[in-house]
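Novice: Start from the sequences and build out the full structure, keeping to the hints where you can.
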Amino acid sequence: MTVALIPAKARRAGVVLGAVSAGLLALSACDKPTPLATVTVGSGSVHTEAACYNDGKAISNSTAQKCLAAKADKVITVGSDDTVGFGVEPALVDDGNGWALFLNGQQAEAQPSTATYRSIPAASFFQPSQTTGQTPKSVQVAIVESNKTNPSIRGIWHFELKMKNSD
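Take any residue in the sequence shown, note its place counting from 1, add 654, and you have its number in the numbering used here.
Please note: incorrect hints may appear among the correct ones.
To be verified - Derived pair list, reagent style DSS-like, types lysine-lysine, alpha-carbon separation capped at 27 Å:
#	residue 1	residue 2
1	K816	K711
2	K818	K711
3	K686	K720
Unchecked claim - Quick list of simulated restraints, FRET-style, between CB atoms:
#	residue 1	residue 2	range
4	G787	S714	33 to 43 Å
5	N804	G733	33 to 43 Å
6	G733	R772	14 to 24 Å
7	A777	V700	15 to 25 Å
8	H701	P775	17 to 27 Å
9	E763	Q784	17 to 27 Å
10	D735	N715	32 to 42 Å
11	T786	E743	30 to 40 Å
Simulated from the structure, these hints should not be mistaken for laboratory data. Positions of the beta carbon are idealized from the N, C-alpha and C atoms, including for glycine.
Specialist: As structure tokens, then:
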């Protein structure tokens, strides 16, 4: 009978407050999503969360090496005359961090970039091999976040660039 003594407006407010509290509690149990990285070619794009990420903190060398060796599950097709755009969320370049491209698991750039977007001609990724002379049909590209003052790896995002008309 005490429910009847509480005005209807107060009961509704209590129900709303309880629902909001329960929602916030449920959200606090969820994992925080990692920052996204995006690759754009022409009007197409693919994006992904990090394959390896430790909330912006350093990843162990052994974990980073295993992660760099992993194959990408996000594939985008490029033509030799296309331009490939790479975009990262601002969180990747905050606090002295930057990012660099790794090709087939090998570092391709000496210095990390602090820009959130860069574009590179697709032909740069499909150079003939010095050992075989063959032009690759696809390239594994990793965006690797690191700290500029302490060059530890903090996150890795994988993409595959696949040349048009290749099997």
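Novice: It remains to establish, for every hint, whether it holds in the given structure.
Specialist: Hints, one by one, checked against the model:
Simply put, K816 and K711 have alpha-carbon atoms about 31 Å apart, too far for the 27 Å limit, and the pair is violated. A distance of roughly 37 Å separates the Cα atoms of K818 and K711; the hinted pair therefore is violated under the 27 Å criterion. The hinted pair formed by K686 and K720 meets the criterion: a straight-line CA distance of about 23 Å does not exceed 27 Å. About 38 Å separates the C-beta atoms of G787 and S714, a value consistent with the hinted range of 33 to 43 Å.
Take N804 and G733: their Cβ atoms lie about 39 Å apart, and the range 33 to 43 Å holds. For G733 and R772, the Cβ-Cβ distance of about 19 Å falls inside the hinted range of 14 to 24 Å, so the restraint holds. The hinted window of 15 to 25 Å between A777 and V700 holds, with their beta carbons roughly 20 Å apart. H701 and P775 have their C-beta atoms about 21 Å apart, which keeps the hinted 17 to 27 Å range intact.
Taking the beta carbon of each, E763 and Q784 are about 19 Å apart, inside 17 to 27 Å as hinted. Separated by about 38 Å at the C-beta atoms, D735 and N715 satisfy the suggested range of 32 to 42 Å. Separated by about 37 Å at the C-beta atoms, T786 and E743 satisfy the suggested range of 30 to 40 Å.
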